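Colleague: Take a look at the letters that make up each chain.
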Amino acid sequence: MNARRYDAMVVGGGACGLVAAAYLARGGAATLLLEARNKLGGRLETIAFGDGFSAPAVTHALSALDPRVMKELKLARQGLRFSARDMALSVLRRDGKPLTLSRDRHATRRAIAAVSEADAARWPLFRKRLFAAARAMRGFWWEDGALPDERAIQESIQDLRRKSAAAWLDAAFESDALKAPFAFDAMAGGLSPLDAGSALVPLWQAAQEMCGLQGAVAFPAGGPASLASVLERAARAAGADIRTGAAVESVLLDGDAVSGVRLASDEVIAANLVLAALPRRRVLRDLVPAGAAGFALSNALDRAAPVTAAKILLALDRDPGLPAGRIVVAERIESLAAAHAAARAGKIPDELALEIVSPSSIESGFAPAGQCALSIAVRPLPRLDAAGWNAARGDLLKRVLAALGACVPNAARHVVASEVLTPFDIEARYGARDMQADIAHMLSPWRARVATPIRGLYACGGDAEAVPCTSGRAGRIAAAIALAERAP
Amino acid sequence: MAVRAVSLALGPQGPDDRARGGFRPCWAWLGVGVRYDACVIGSGADGLTAAAWLARAGLATRVIERESVPGGRLAFREFHPGFRAPAFVDEPAPVPDALFHAFDLARAGAILVPAPTSLAVWPGRAHFMRRGETAFLAKMQLRVAALRARAEAEAARVPPRWTLLGKREPTPPWPSGDLCTESLDGVLRRHASGDEAAHLLAQALCGRTADPFLAGSALHLAVPSGGGVAMSGRLPQALAGIARDAGAEISCGLEAIEVARVKGRIAGVTMADGSVIEARAVISTLDLKRTLLSLFRWNELSGDLAQQVNQFRFAGGTARLLVALEHLPGCQRDALRGPIHLAPSAEGFAEANAAWRAGTIPPHPPATIRVVSASDPGLAPRGAASVAVTLSGIALRPFDGAWTHDKREALRTAALAALDAVFPGAKVLASEVIAPPDFEESLGLTGGDLWGGEIAPDQMFAARMGPRTPIAGLYLGGPSSAAGVLGACFGGFVAARALLADREAGRP
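Chains as they are written, first to last, in our numbering: chain H, 1 to 488; chain C, 1 to 508.
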């Protein structure tokens, strides 16, 4: 039995949960974090496969770690280092020539000019506008602020929420090589690039800052898993207690307020503040007693994302010579839209879109010398059950190798080991569902995204973020809101 | 050549013009003709309504029509001796009640008979709906009424002459903004169950192409269709009669090719035969692209405007097959008078939309069968039947080239298969295919799109141009205007209202 009495409880030891625990403890609450698995970090885990290879299981790059979290939790002092910051985005297409978009304006311009002169001329203005809008929205997505009152911003938001990414990109650029990666990024939340409002997703992504660099993507030294241990140290340093292997079975209520949690071992821990760093759907449907969340809300939670994503890890015995950074394999907006439609209809699309990060080319330790580990995110994929995915596992790997081989000849021949994490595996292992990006959700204030109808219960899982990312922001803001609203 | 000479000669104004406080292009001295207050391009329901409304207000109005008879999309076609059918649409969109009464259309001879029933058929089951039974449709009609009121308010509001920088007056929002972020499937599922939802979906998407799962597709509910069968195709004649009685001139067989401007003001319209009609204002009922890109020279539009027009997307995807049947199919009489949707589920519509995007002809496109001679017996010989099959999701430009004879035959086969599924064994005497390019060619609709542009949140309401355009004196009254999709005749009516409001305020 735990002798200490806790003020606040955090359920779930992923990045968000750890950040929330650290902030609650910093705010003066006696905090306990409960993690069901024996290991902290959730989706940040690195898994070993093949002969001496390893790769990040789900999250293979940090796209948006909140700079405030870094500063306030002193993550650098806890040992957070980056082996790659501001990773370039490369587009691989069947015509073979990679197009690399990096922060170096001149190099990017030259690269785009090789594809299209007109687009090269439009690129600086496009970036400038995107980041100007992103900067103006900063208060809204960094803190629990309101949408900026400025008329120009309001208009551009109103414009973008009605625009599909396809229409937005068609208006901005002429070459498919430039449109395809943005359309792929716009699909991050499970939307089709033809969905009205999907143009907001790239805006969100541009706004997510990392080390003060807008829209930057980084790779921490030691892989994303090292972020979990850094955050764990930060949470402990702030005074939070952490228990692993403690699965929470239900949240206990006293009237309309939280009174504690019951563990799978029947142990009851009392606390009148619970932050669940789990998908909102799980919190409100599985953890609280039926009916407590209200009818309308639990009805709305039934909407699952129509499409999912998988992860393929490949071990290659030779470096295939891929460009450094983040690589997107996508042909055209139309093919992405067709793939989304096929996935939604329950079929594995003929033409898969991939996002590749090669951890071994960023730092050694992920593969034996001279060899290469690839971490490949595949989406969109259909939502199938366990049996469906077990049957489709081999097919998926074959198609991914074919898609990769179309752009990187010979890559498939050098594959010595592979690991397929189907959407079902990811959900079963990390308990996280693919979130459905929703325009209303993207434009709702933080409070609406983390608060629940139950007093003292907050949901700050990955789906509290507007678009999928590992920012820790949901944890920070949920903790701040919870502490502010705590009964004196 | 003659045309160019005339337009290049639009020179400085004569001294007597300044005395009159107006302007006259040089051809006026050549004695070409009278000057009209307004020239309406196109004589569909919109064009005739605009002309009638303007003429009633006392304006000298002239309507120009490329075809030999007025009517536009309401035209009927005799596709086999003794068999006639509406060529492009089974029913016009609903005419707003106020307009119907203001023109006293019934007395003028236009009888619109609403379909009493609607039937949706799937393999092994069917769903039957009587008119006025569905509460959801009544709710949608209220929404459309609110949208129409907003469109009329827009027409009546004359934009201020001067605006201080950044002091633009905010425009009131359009109602039904909530539909912009929802999917059609989601909305219908919330309001109806199972078969009824699928039936309403088929009704909403009849002849259109859209993916009902995409956010924003719910807007199709705000765009009404099915305003009743225009008996014997007499609606255009009735409207033309009203316009003529009010004093408007209707000239058929004239094709407008250019809007002439003098010092930024509309001066007249140049015809394909070189003649010029002088007019102070022009209401175009052509779609947005055709109006701004084909009636103006490329360098007359500002860069932003040209880009905005170029990026306007068109969907279309409608194809039709007119069929002459030897016998009226034996079926319940009421059911024959309404549409029979042989439409798939929402997934089927999504698939048809994907095929349309890819430019392939789907083997089983969503189809709506209409026994047009059941409600209007004059369209077929006694005992026989005229049937129109409307297909949706048919690409304007197939991925492998033009619409060849083979592709038309494939379309015919697909439509006849749909017909055979509903009326097995019906004997077909003759049939005529109307493919998407035919819509584009005969009606002058870009992309063959009867709705004047893809129905998407970034292309509706405030995002659609009209009735006023950035070109002073040019009004957009066709399907591409914000009001044009809200009902038959309504786009033209709103454009005419805007023109009159501007005139009253002393604008050109």
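Just to be clear, a hint being listed does not mean it is correct.
Stated by the list, open to error - With the Cβ distance kept under 8 Å, some of the chain H side facing chain C (calculated, not the full set):
(1) R161
(2) R162
(3) K163
(4) D170
(5) A172
(6) S192
(7) L194
(8) D195
(9) G197
(10) A238
(11) G239
(12) E334
(13) A338
(14) R344
(15) I439
(16) A440
Treat the hints as calculated values from the structure; they're not laboratory data. Quick caveat: nothing in here was measured; it's all calculated off a predicted structure. Note that the Cβ used here is the ideal one computed from N, Cα and C, for glycine as well.
Colleague: Next, verify each hint and record whether it holds.
Modeller: Okay, the hints, checked on the actual structure:
1. For the restraint placing R161 of chain H at the interface with chain C, the shortest Cβ-Cβ distance is roughly 7 Å, inside the 8 Å limit, so the hint holds.
2. Look at R162 of chain H: its Cβ gets to within about 4 Å of chain C, closer than 8 Å, so that hint holds up.
3. Taking 8 Å as the C-beta cut-off, the interface hint given for K163 of chain H holds, the closest approach to chain C being about 4 Å.
4. The beta carbon of D170 of chain H is positioned within 8 Å of a beta carbon in chain C (closest approach about 7 Å), and the interface hint is therefore held.
5. Because the closest C-beta pair between A172 of chain H and chain C is about 10 Å apart, greater than 8 Å, the hint is violated.
6. A cut of 8 Å between beta carbons decides the hint on S192 of chain H: the least distance to chain C is about 6 Å, and the hint holds.
7. The criterion of a C-beta within 8 Å of any C-beta in chain C is met by L194 of chain H, whose closest approach is roughly 5 Å, and the hint holds.
8. Restraint check, D195 of chain H versus chain C: the minimum CB separation of about 4 Å is within 8 Å; hint holds.
9. Residue-level restraint check for G197 of chain H holds (minimum Cβ-Cβ distance to chain C is 6 Å; threshold 8 Å).
10. For A238 of chain H, the shortest C-beta to C-beta distance to chain C is roughly 40 Å, which exceeds 8 Å, and the interface hint is violated.
11. Checking G239 of chain H against chain C by beta carbon gives a least distance of about 43 Å; that is not within 8 Å, so the hint is violated.
12. About 6 Å separates the beta-carbon of E334 of chain H from the nearest beta-carbon of chain C, less than 8 Å, and the hint is met.
13. This hint holds: A338 of chain H has a C-beta 6 Å from the nearest C-beta of chain C, less than the 8 Å allowed.
14. Evaluation of the R344 of chain H hint against chain C yields a held restraint, the C-beta minimum of about 6 Å falling below 8 Å.
15. Restraint check, I439 of chain H versus chain C: the minimum CB separation of about 5 Å is within 8 Å; hint holds.
16. The beta carbon of A440 of chain H is positioned within 8 Å of a beta carbon in chain C (closest approach about 6 Å), and the interface hint is therefore held.
Going down the numbered hints, you'll see the structure goes against 5, 10 and 11, while the others check out.
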